[in-house]
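Here are the chains, one letter per residue:
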Amino acid sequence: MAPPVQSSRSPSPSPSQPSGKSEVSDLKLQLRNLAGSRAPGTDDSKRELFKKVISYMTIGVDVSSLFSEMVMCSATSDVVLKKMCYLYVGNYARGNPDLALLTINFLQKDCRDEDPMIRGLALRSLCTLRVANLVEYLVGPLGSGLKDSSGYVRMVASIGVLKLYHISAAVCIDSDFPSMLKALFLNDTDAQVVANCLSSLQEIWTLEASTSEEAVREKEALLSKPVIYHLLNRIKAFSEWAQCLVLDLASKYVPSDSNEIFDIMNLLEDRLQHANGAVVLATIKVFLHLTLSMNDVHQQVYERMKAPLLTLVSTGSPEQSYAVLSHLHLLVMRAPILFSSDYKHFYCQYNEPSYVKKLKLEMLTAVANESNTYEIVTELCEYAANVDVPIARESIRAVGKIALQQYDVNAIVDRLLQFLEMEKDYVTAETLVLVKDLLRKYPQWSHDCIAVVGNISSKNVQEPKAKAALIWMLGEYSQDMLDAPYILESLVDNWDDEHSAEVRLHLLTAVLKCFFRRPPETQKALGAALAAGLADSHQDVHDRALFYYRLLQYDVSLAERVVDPPKQAVSVFADTQSSEIKDRIFDEFNSLSILYQKPSYMFTDKEHRGPFEFTEELGSLSVGEESADNVIQSRRFEASDNDLLLSTTEKEENKVPSNNGSAYSAPDYDVSSASLVAMPGHSESAVLNTNLPTHAPQSSSGIDDLLGLGLPATISSPPPLKLNAKPVLDPGTFQRKWGQLPISLSQEDTLSPHGTAALTTPQVLLRHMQSHSIQCIASGGQAPNFKFFFFAQKADDTAAFFLVECLINTSSAKAQIKIKADDGSASAAFSALLRSALSELGMS
Amino acid sequence: MPVAASAIYFLNLRGDVLINRLYRDDVGGNMVDAFRMHIMQTKELGTCPVRQIGGCSFLYMRISNVYIVIVVSSNANVACAFKFVVEAVALFKSYFGGAFDEDAIRNNFVLIYELLDEIMDFGYPQNLSPEILKLYITQEGVRSPFSSKPIDKPVPNATLQVTGAVGWRREGLAYKKNEVFLDIVESVNLLMSSKGSVLRCDVTGKILMKCFLSGMPDLKLGLNDKIGLEKESQLKSRPNKSGKTIELDDVTFHQCVNLTRFNSEKTVSFVPPDGEFELMKYRITEGVNLPFRVLPTIKELGRTRMEVNVKVKSVFGAKMFALGVVVKVPVPKQTAKTNFQVTSGRAKYNAAIDCLVWKIRKFPGQTESTMSAEVELISTMVEKKSWTRPPIQMEFQVPMFTASGLRVRFLKVWEKSGYNTVEWVRYITKAGSYEIRC
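Those protein sequence lines, which keep their order, are chains L and X. Residue 219 in my numbering sits at position 219 of the first sequence; the count goes up by one each step and never skips. Residue 1096 in my numbering sits at position 96 of the second sequence; the count goes up by one each step and never skips.
Please note: incorrect hints may appear among the correct ones.
Here are the simulated BS3-like cross-link-like pairs (lysine-lysine), alpha carbons at most 25 angstroms apart as the crow flies [to be verified]:
hint: 1; chain 1: X; residue 1: Lys1134; chain 2: L; residue 2: Lys236
hint: 2; chain 1: L; residue 1: Lys598; chain 2: X; residue 2: Lys1266
hint: 3; chain 1: X; residue 1: Lys1412; chain 2: L; residue 2: Lys236
hint: 4; chain 1: X; residue 1: Lys1430; chain 2: L; residue 2: Lys344
hint: 5; chain 1: X; residue 1: Lys1231; chain 2: X; residue 2: Lys1177
hint: 6; chain 1: L; residue 1: Lys344; chain 2: X; residue 2: Lys1231
hint: 7; chain 1: L; residue 1: Lys51; chain 2: X; residue 2: Lys1176
hint: 8; chain 1: X; residue 1: Lys1328; chain 2: L; residue 2: Lys236
hint: 9; chain 1: L; residue 1: Lys51; chain 2: X; residue 2: Lys1093
hint: 10; chain 1: X; residue 1: Lys1311; chain 2: L; residue 2: Lys236
hint: 11; chain 1: X; residue 1: Lys1206; chain 2: X; residue 2: Lys1195
hint: 12; chain 1: L; residue 1: Lys424; chain 2: X; residue 2: Lys1333
hint: 13; chain 1: L; residue 1: Lys306; chain 2: X; residue 2: Lys1231
hint: 14; chain 1: L; residue 1: Lys236; chain 2: X; residue 2: Lys1333
Simulated DEER-style distance windows between Cβ atoms [what the hints assert, rightly or not]:
hint: 15; chain 1: X; residue 1: Val1357; chain 2: L; residue 2: Pro353; range: 54 to 62 angstroms
hint: 16; chain 1: L; residue 1: Leu186; chain 2: X; residue 2: Ile1053; range: 36 to 44 angstroms
hint: 17; chain 1: L; residue 1: Pro353; chain 2: X; residue 2: Phe1181; range: 29 to 37 angstroms
Just so you know, the hints here were simulated from the structure itself, not pulled from any lab data. Each residue gets a CB set at the ideal place from its N, CA and C atoms; glycine is no exception.
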């Protein structure tokens, strides 16, 4: 008996479409006839009918009208019939709470059946009814289920408790189920019961932890030494799936000393040979987290992981190997050196899906070093001719990235230039962008590159990024390219056909640069470009044209110093993801975060979680002080990284002599030209950085006026509330306080456009707020959404803390702020302070 | 919390729901629509098996003509979820005997619902072992239509065994003839450059076992791997006997294998499940014997003609032979006419995949065979450069040959009743992704 085939229906069937109405009423009649019958063979006919009902249910036909008939027919000793009926009831009970009451009776009776299978089945179905006003009927059977003599029933009951908790947390807690679960968890002989208890307890305590101190303690108790040892010592008794659970728990355990760490690793080493990839990954997670503080051992762990991971990648379905490969990718990115001899494993096969190829390309790029670059680049060049265009593009970009991270680039530059000779549009486009980046880092190659680039007709380049790159080179190396002014001139002539504002911006700058070097040949083009720019409808283009025009009018030599200063080679190109975020992804090893390459709070839906979302998140945000320290360290590291990169911008800026207005705009210009290389974050943070110590907030408003940007004067005079400049609060206390205190203020603010522009990385805001005595305890997010937790302390009262949760969306320039305060009366004053600090962002 | 799934759906290629099972309430009911709208009906399909839509993540895989979709709203354990799907499909197959496709699902959907109820509870995987489940999910699908006789009550200790320590084998099995079948199946992957140098080469192998043994037998398997042999000679303080040894890069075992013993003594000992299972998987990158050498020469003569010459050499033992050898040589799309000369087998042009396909049914060892073809192209205005040469691909099977050189040295069976067993060992090497650039 097959479900009805849907072929007759419209091509995009909507499941709620009520079809087969007459069939349903027909079924109703038949069921009613069978309900009371005790004739032999009744069960067989019932089966057929039930199957029909279930198949309708599956394809989305609403058969809820049969509820009472189904319930009437459910009095049977046939297990399969029972199961079908339970399935049906579980599906529709919520829509018919009153009718569901009818089923309670027979389910409760079945819970007392002599056959453990029936008991278990009935209990499971009872728990899946999910009707809030029926919970009272659940408590009794669940309680006896947990004490049942059969492991099967206990197994069902231990998950049943969790289901009850999700229907009604209060009833579950009040009936003292968690402590019964705990007793089972520690003492039951059946491994699957123990595993299910663990799942339930973990979920219940995590959700409860926000409101109850006890739950926090219980949650920590799960991670205590005796419990962990108890579980790990009998790990082989667990099924492969339960092992994943146990290992996941163990990865959060903090051993007291290194002996303990080695004991656990020795105990679990053989798990790495398990055929189930999930078990292997879970084991790897334990190893990685245990050894985080031991640098040498941590590296050895990476070495040990290689073989099992590579095996998992090369076996199983593409989906499975993708899941594993993503984890391998993460490890490779964290320690590329350790994988540099394994590069051949990352070669792509022709028929591999592109999501696998993409990861492999990134890994190849990361592991390239002096010894293997030649092979890797040769291999990548093969892919550049790939039929799959996106992969071909990725490969070219990979070649470029390798060139940017290596010292010996002759060969690579030659390869890149060969790409230009392939005469495929997308290859040329990608290569142009790369050549431009290369020149910014290795100006010494300009001769070789310019010779080839000069041969490219701008008509063959259509992609905005590539076109912008070509124009940049035309401007930058106009003295070496004979016909640069004429090419630019023809581009200016076609100004109106150029749809990309980015290209037009670059064209303006390039023409101006060319003009400084070859004035007579370019003058005409410059005039045309400025005129076209001034008439441009795009705000940025118009502004830049106007700015250039005024600058030229004011002083041509000054204009040259601003627009075309001698450049220093860029030493390091910025990484797009902050190391803080990377660490958080690493913390969530063996989960979706790794595949999405972002921390879980960015993609898990919070609406469903309600008020619990916060604590859970904070819990994972700052696990103890140690990790908070790490975060700060990494932040510092990044800051120094910034300095390295930004030395150029700063220097350029310093070359411009003291005149406030245009000096301020000089880096601004640089920002937009740099945006091509995806490094706006850093140059802009430099603007903040370099200016922070010199300009006081008051003077910044002066600059605003000078520039005539017409910004609303948002800066209010600071309220009398004084904050302690160096408050101290550990994450644990913060978390507890946040859980305890009521929200004293909640508001939504609009950020100034300057502020949002400056806020490209969380660090920008952190430094800014620090200068206002508001400290950050945790932060995260990726443009455009950022999340911060701040705290501050009253200067005259060390017990009075202010806690702030701040959600910022840079694209809509909105900030949502929640403030909790020990001293509620001061929260309004604090809010004013916070808002004024926020409104100054980007102007200080 | 490593939840594996909030809901699981089985869809056919058109997107009709075959099975839907909601485990948790944290995902809405209209998830199938979202999947159809945002993945099935777009180019997204197949670009990535994990996608986020709204607050939910969709993990999907295609098995024959069925999409299996897992929906989660929390930060799920992906590896676990995919493995679960694979295992579940294996379980269904063992219930309805062989194929897993749309028809099989339609014919057995009640059984599948029943199983889905048992193998996962509230998003947490439970017991997926066919051996144990078959003790109490006794429904037989449509192969034997329902009879009116009462369904057997499960054996009293079934529930004990559901979660017992030796979860993969039931007690009290008896066979008249005790037999073990071992299949060593290797697939060899090769990537060779146009200049004939090996860029990448490895072998992934698995040992499949079929056991028909009575009682609770203890098995021990000996291979010619280096570490195992060294350990053995060390234990018995006897010099290693000659013969080729191989080095396994990595091994994974079925859960029945005693891993502690493997780590200490390097022997594979286990109590096998009844019937068919995959005992171990391994991977080798060093010392791979490539069964075939391929020497292609492709000449482009002007704009409209090409000359393709492919020589294939078999380098395995002369007494062995390969079966089902297929060589696929890509040619440009605008191929108009082809002309072949082959020393063995048959060749033809397949326009659907733009390849010259050369098939040889039986290819003896230590021989060579050539195909030369003249290809005429339609002259077009499109630049010739736009043809990038995809690699030549090869398929084959070589029975009684292992590319890794792996050999089974012994398989010992101990059972307390002391019966005799018959052991059968087969070897086969298949082409995995065997690519030669040209």
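Are Lys1328/X and Lys236/L close enough, with their CA atoms no more than 25 angstroms apart?
Cα-Cα ~47 angstroms, so violated.
Can you confirm whether the C-alpha distance between Lys344/L and Lys1231/X stays at or below 25 angstroms?
30 angstroms, violated
For a C-alpha distance cap of 25 angstroms, please report whether Lys236/L and Lys1333/X respect it.
Cα-Cα ~56 angstroms, so violated.
Does Lys1176/X lie within 25 angstroms of Lys51/L when you go C-alpha to C-alpha?
At roughly 40 angstroms apart (the allowed maximum being 25 angstroms), Lys1176/X and Lys51/L break the hint.
Pair hint outcome, Lys1231/X versus Lys1177/X [Cα-Cα no greater than 25 angstroms]:
34 angstroms, violated
Between Lys306/L and Lys1231/X, does the CA-CA distance stay at or below 25 angstroms?
Roughly 23 angstroms between the alpha carbons, so the hint for Lys306/L and Lys1231/X holds.
Between Lys51/L and Lys1093/X, is the straight-line Cα distance small enough, at 25 angstroms or below?
21 angstroms, holds
That 36 to 44 angstroms hint for Leu186/L and Ile1053/X (C-beta), does it hold up?
With a Cβ separation near 41 angstroms, Leu186/L and Ile1053/X satisfy 36 to 44 angstroms, so the hint holds.
Run the distance test for Lys424/L versus Lys1333/X: straight-line Cα separation, threshold 25 angstroms.
Cα-Cα ~18 angstroms, so holds.
Checking one constraint from the list: CA of Lys1430/X to CA of Lys344/L, max 25 angstroms. Satisfied?
Cα-Cα ~21 angstroms, so holds.
Check whether the Cα positions of Lys598/L and Lys1266/X lie no farther apart than 25 angstroms.
Roughly 41 angstroms between the alpha carbons, so the hint for Lys598/L and Lys1266/X is violated.
Outcome of range test on Cβ distance (Pro353/L, Phe1181/X; 29 to 37 angstroms):
34 angstroms, holds
In this structure, the hints that do not hold are numbers 2, 5, 6, 7, 8, 10, 11, 14 and 15, in rising order.
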